[in-house]
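Trainee: Protein chains in written order, with numbering that gives the first Met the number 0: chain A, 0 to 225; chain B, 0 to 225.
The hints are simulated quantities; they were obtained by calculation from the structure and are not laboratory data. Among the hints, erroneous ones may be present.
Said to hold, decoys possible - Once the Cα atoms are required to be at most 25 Å apart in a straight line, the calculated SDA-like pairs of lysine to any residue come out as:
no. : chain 1 : residue 1 : chain 2 : residue 2
1   : A       : K6        : B       : A209
2   : B       : K182      : A       : P192
3   : A       : K6        : A       : T20
4   : B       : K6        : B       : T20
5   : B       : K182      : A       : S105
6   : B       : K182      : A       : R75
7   : A       : K6        : B       : K182
8   : B       : K182      : B       : A219
9   : B       : K6        : A       : K182
10  : A       : K182      : A       : P192
11  : A       : K182      : B       : S70
12  : B       : K6        : A       : Q68
13  : A       : K6        : B       : G204
14  : B       : K6        : B       : K182
15  : A       : K182      : A       : L172
16  : A       : K182      : B       : G69
17  : B       : K6        : B       : D27
18  : B       : K182      : B       : G204
19  : B       : K6        : A       : S105
Computed from a predicted structure; not experimentally measured.
Number of protein chains: 2
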Amino acid sequence: MHRTKVKVVEEALDANNTIATANRADFDRAGVRVVNFMSAPGAGKTSLLERVIADLDGVRAGVLEGDVQGSMDADRLAHLHVPVTQLNTDSGFGGECHLDANMVRSALPALPLAEIDLLVIENVGNLVCPAEFRVGEDARVMVCSVTEGEDKPLKYPLMFRTCELVLINKIDLLPHLDFDLDKLLYNLDAVHPDVERMLVSARTGEGIEAWRDWLARVAAPEGVHA
Amino acid sequence: MHRTKVKVVEEALDANNTIATANRADFDRAGVRVVNFMSAPGAGKTSLLERVIADLDGVRAGVLEGDVQGSMDADRLAHLHVPVTQLNTDSGFGGECHLDANMVRSALPALPLAEIDLLVIENVGNLVCPAEFRVGEDARVMVCSVTEGEDKPLKYPLMFRTCELVLINKIDLLPHLDFDLDKLLYNLDAVHPDVERMLVSARTGEGIEAWRDWLARVAAPEGVHA
Chain A
0 MHRTKVKVVE EALDANNTIA TANRADFDRA GVRVVNFMSA PGAGKTSLLE RVIADLDGVR
60 AGVLEGDVQG SMDADRLAHL HVPVTQLNTD SGFGGECHLD ANMVRSALPA LPLAEIDLLV
120 IENVGNLVCP AEFRVGEDAR VMVCSVTEGE DKPLKYPLMF RTCELVLINK IDLLPHLDFD
180 LDKLLYNLDA VHPDVERMLV SARTGEGIEA WRDWLARVAA PEGVHA
Chain B
0 MHRTKVKVVE EALDANNTIA TANRADFDRA GVRVVNFMSA PGAGKTSLLE RVIADLDGVR
60 AGVLEGDVQG SMDADRLAHL HVPVTQLNTD SGFGGECHLD ANMVRSALPA LPLAEIDLLV
120 IENVGNLVCP AEFRVGEDAR VMVCSVTEGE DKPLKYPLMF RTCELVLINK IDLLPHLDFD
180 LDKLLYNLDA VHPDVERMLV SARTGEGIEA WRDWLARVAA PEGVHA
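Chain A extracted, bound-state conformation (with noise of 0.2 Å):
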């Protein structure tokens, strides 16, 4: 019975794939990169997003929110006057606990393609998923705030595997925090080794300007890739 359900998973894995390389296809037709972003629950991606989404060096940015119901993190971009769409798990797909491509795919006609260079998806805060469902994306960003402990990437491997950065937030707390830098760095290798990591803060500013500067290469010609 296990064997039938591992063969389900990557039989769904597999017509994931086949809808995210559409999702991809149509993405590239219209010029414009796609970001996915990943954490787990309050590890700051939309506040790491307030701090640079509206200020590229030109780029024209929108966001495609993910969240299981509401549109809190919506609102609070909604200040930075980008063009911010709002999806949502629990209509309609059953709450899950991530986006997939095909839910990605039924935002497209909802998405201002022609308006911008630079698409960031924030997916549902989990660290599990989300690192299992390609959307269409061009690169993977997750953030890991120092409060979480520095074991979670041996926990879940997957998830800091698949990124092609890793922003290690909230290092501000640092000197208020049981919490060994290095030996989260450390972990960080043995699953994905010389991964870019940066160490941001998004409530000081720290490192945000390297962040900024990231963001804003993967929507240049030469940008990042996955």
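For this one, chain A is given, so just place chain B on it according to the hints.
Mentor: Just chain B, lined up with the frame of chain A:
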């Protein structure tokens, strides 16, 4: 198509509930009370167990550790000399982001039910799917860290709504955060009015006595029930 998907999800949850009921009957027969312990990754579940699990006023406790892979949390608890059983969702279960009743059922033969009064099931770190799957528990406890922001009850309402107790952890960090505790409590009451809640710090020990007493009480004859 969406309606079909929702129907499939409902049928899967019905099947899960049937197995959960069988698990609960087996736990009842063995005289073991069961707590389903849930949170986002890194909120502090294992640290909060380390603080209390070996010293529960004579209640003999065991732990079932749910993880996608690895046994890091079980290893952390090993020195406490309570029975700990590891359950991984990637071995035969497709790397699921939650425990379900069938996975817990598969672990039953490995659990020392005759030697314990209380079983704490530490679920996979995730605020979405664990809330959807009963596993045969008497009570649900969730941990919410103050580092995760005030909006989590509104973004993950099912998790907050189906718990008997919410542990608000890492309160030692409050002086260093832009965090409005009253706002969190307001949001919590919006989705689960008057649910029991405790302010705790696994790091400093603040509030831990109340958590210890609550957990010991679950195993008492007049214990907490879902």
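Trainee: Does T20 of chain B sit within 25 Å of K6 of chain B, going by the straight-line distance between their CA atoms?
Mentor: holds (21 Å)
Trainee: For the pair we were handed, K182 of chain B and S105 of chain A, check the Cα-Cα distance against 25 Å.
Mentor: violated (34 Å)
Trainee: So if I understand the rule, the pair passes when the alpha-carbon distance is 25 Å or less; does K182 of chain B with R75 of chain A pass?
Mentor: holds (16 Å)
Trainee: Is K6 of chain B close enough to S105 of chain A, meaning Cα to Cα at most 25 Å?
Mentor: holds (19 Å)
Trainee: Are the Cα atoms of K6 of chain A and G204 of chain B separated by 25 Å or less?
Mentor: violated (46 Å)
Trainee: Measure nothing beyond the straight line between the CA atoms of K182 of chain B and G204 of chain B; if it is 25 Å or shorter, mark the hint as holding.
Mentor: holds (24 Å)
Trainee: Going straight from one Cα to the other, do K182 of chain A and L172 of chain A come out at no more than 25 Å?
Mentor: Roughly 16 Å separates the two Cα atoms, so the pair holds.
Trainee: Mind checking the alpha carbons of K6 of chain A and K182 of chain B for me, to see if they're no more than 25 Å apart?
Mentor: violated (45 Å)
Trainee: Check whether the Cα positions of K6 of chain A and A209 of chain B lie no farther apart than 25 Å.
Mentor: violated (46 Å)
Trainee: Can you confirm whether the C-alpha distance between K6 of chain A and T20 of chain A stays at or below 25 Å?
Mentor: holds (21 Å)
Trainee: For the pair we were handed, K6 of chain B and Q68 of chain A, check the Cα-Cα distance against 25 Å.
Mentor: holds (19 Å)
Trainee: Would the pair K182 of chain B and A219 of chain B pass a check requiring their Cα atoms to be no farther apart than 25 Å?
Mentor: Violated, at about 34 Å.
In the structure shown, a violation is registered for the earlier hints numbered 1, 2, 5, 7, 8, 9, 13, 14, 17, in ascending order.
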